[in-house]
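Asks: Protein chains in written order, with our numbering: chain Z, 1180 to 1319; chain H, 1180 to 1319; chain C, 1180 to 1319; chain U, 1180 to 1319.
To be clear, the hints were calculated from the coordinates, so they are not data collected in a lab. Wrong hints could be hidden among the right ones.
Said to hold, decoys possible - To give an idea of the chain H side of the interface with chain U (calculated C-beta under 7 Å), a few residues:
1) Val1206
2) Glu1209
3) Ala1210
4) Tyr1273
5) Lys1302
Yeah, the Cβ is synthetic: ideal placement off N, Cα and C, and Gly gets one too.
4 protein chains.
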Amino acid sequence: MRAETRLTVRYAETDQMGIAHHSNYAVWFEAARTEFMRRAGAPYSEVEKRGVLMPLYGISARFIAPARFEDELSVQTWIKELGRARMTLAYEIYRVKDGALLATGETQQAFTDAALRPVDLKKAAPDLYELLKRCAGEGA
Amino acid sequence: MRAETRLTVRYAETDQMGIAHHSNYAVWFEAARTEFMRRAGAPYSEVEKRGVLMPLYGISARFIAPARFEDELSVQTWIKELGRARMTLAYEIYRVKDGALLATGETQQAFTDAALRPVDLKKAAPDLYELLKRCAGEGA
Amino acid sequence: MRAETRLTVRYAETDQMGIAHHSNYAVWFEAARTEFMRRAGAPYSEVEKRGVLMPLYGISARFIAPARFEDELSVQTWIKELGRARMTLAYEIYRVKDGALLATGETQQAFTDAALRPVDLKKAAPDLYELLKRCAGEGA
Amino acid sequence: MRAETRLTVRYAETDQMGIAHHSNYAVWFEAARTEFMRRAGAPYSEVEKRGVLMPLYGISARFIAPARFEDELSVQTWIKELGRARMTLAYEIYRVKDGALLATGETQQAFTDAALRPVDLKKAAPDLYELLKRCAGEGA
Chain Z
1180 MRAETRLTVR YAETDQMGIA HHSNYAVWFE AARTEFMRRA GAPYSEVEKR GVLMPLYGIS
1240 ARFIAPARFE DELSVQTWIK ELGRARMTLA YEIYRVKDGA LLATGETQQA FTDAALRPVD
1300 LKKAAPDLYE LLKRCAGEGA
Chain H
1180 MRAETRLTVR YAETDQMGIA HHSNYAVWFE AARTEFMRRA GAPYSEVEKR GVLMPLYGIS
1240 ARFIAPARFE DELSVQTWIK ELGRARMTLA YEIYRVKDGA LLATGETQQA FTDAALRPVD
1300 LKKAAPDLYE LLKRCAGEGA
Chain C
1180 MRAETRLTVR YAETDQMGIA HHSNYAVWFE AARTEFMRRA GAPYSEVEKR GVLMPLYGIS
1240 ARFIAPARFE DELSVQTWIK ELGRARMTLA YEIYRVKDGA LLATGETQQA FTDAALRPVD
1300 LKKAAPDLYE LLKRCAGEGA
Chain U
1180 MRAETRLTVR YAETDQMGIA HHSNYAVWFE AARTEFMRRA GAPYSEVEKR GVLMPLYGIS
1240 ARFIAPARFE DELSVQTWIK ELGRARMTLA YEIYRVKDGA LLATGETQQA FTDAALRPVD
1300 LKKAAPDLYE LLKRCAGEGA
């Protein structure tokens, strides 16, 4: 499963080079990830209420061409690797008007409890684990 | 009492007009407010641990001259009005190199518990109330 | 004319009170303003290319109820006052799921050239001035 | 040469997990990079005025332990690799009170002109290239 989010570059996201500041890509990846969880049937706000958090322990991004104010972007995401304690998601950001690939990235996330202690997702929330497994295309 | 915070305009805070984006002033006011509480003897991170929050219910700012990348700023703050349920702080932001006043502002904040329900600070945390009262220059 | 923008509260926009940080409202107002200009027929990215900027010289907001992660918001904006040198816009932010009014605000903006010097919009860009005037409902 | 910047985690930088949101690390790396350039004798705001920009084409970070509101951080940076068209900087972020390493990272940056076209820094700004070369510890 691959989820897509559309967003429009905000003025506040530009910098004095006249392009979207690179720190926003992490926020855009997150918006895509949130949409992914929603479409998977496990909105992240509900997952958190059950006491499961997914803090990042790693991120990387490659910036291919700049995004500019008012550009409409398509941010796509999918699960690259799913373990019982952690998950890697991959991302691609496209400019809608011409389909140009602007950036790619990955995030590494841990499954933890509300105190940020690692949990085994398969034990802590088996239904959520199964659901992610199906999304990852790895599953039963 | 008046507290001062120094900060340097970050590249990420600029926008494509080549100036610091106006949304950052709210963040800078907050940095000054945090320093104010620390100097008052009640660091905000400790106040929160006691279950007292101070969410904003109002903000206003006047932008007189733009702040630019790498400008060093002096952000000053003081209590303008203190009640048992709410507090108004005032702010001035100066550019350090020439003393120019760049912006002024105010925030209105409520005292609440962790669930964001209003509290009477004098009852909920009398020592904190007395301390703020002294800072507000309203007397013994 | 009143323009509406829909947006979903991002995780990065939350703070440790568990609500959207107040500095984001300035960004959301801006997103609504950007949509307003687009619908008015003068996308702000094109206005800027013609050398007209609209920096803020004032902002105010009233926070009535908190916005939370994944809340869908409707941000509405309209011109409250239009002059030849400046303009005031007003905003309302609603939570879509129950129609609750979360915040109101205003921004005061100047018309300037690319060097941030004031301009008389009626002289500098008469078509844009007329267009805004029609949106403001002030005239033939 | 290694440059150090001190900064204090801002409330606006926290998220509802109660930790600094990961997107801020890119901003903190940048603050350290800005200090690095200043200490190297080439403040970035002056470099830009000469028409040399340094947009990122890559970033990566590893988050080891969370940073929290009011934590004082020491952000350290140095040049890991310097070419004529690009440069890699490395970063470490420490919590000041106990010296704990919270995060590490790298940014890859291109040298470009104001239109974001690649330049050969040795030709475009030989003095700047030499200065960075000395900072990189690569010789005469």
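Asks: Run every hint past the structure and note whether it holds.
Replies: Against the structure, the hints come out as follows:
1. The interface hint given for Val1206 (chain H) is met, as the beta carbon of that residue sits about 5 Å from the closest beta carbon of chain U, less than 7 Å.
2. Evaluation of the Glu1209 (chain H) hint against chain U yields a held restraint, the C-beta minimum of about 5 Å falling below 7 Å.
3. Given the 7 Å rule on beta carbons, the hint for Ala1210 (chain H) holds: about 6 Å separates it from the nearest Cβ of chain U.
4. At its closest, the beta carbon of Tyr1273 (chain H) sits 19 Å from a beta carbon of chain U; the interface hint therefore is violated under the 7 Å criterion.
5. Look at Lys1302 (chain H): its Cβ only gets to about 25 Å from chain U, farther than 7 Å, so that hint breaks.
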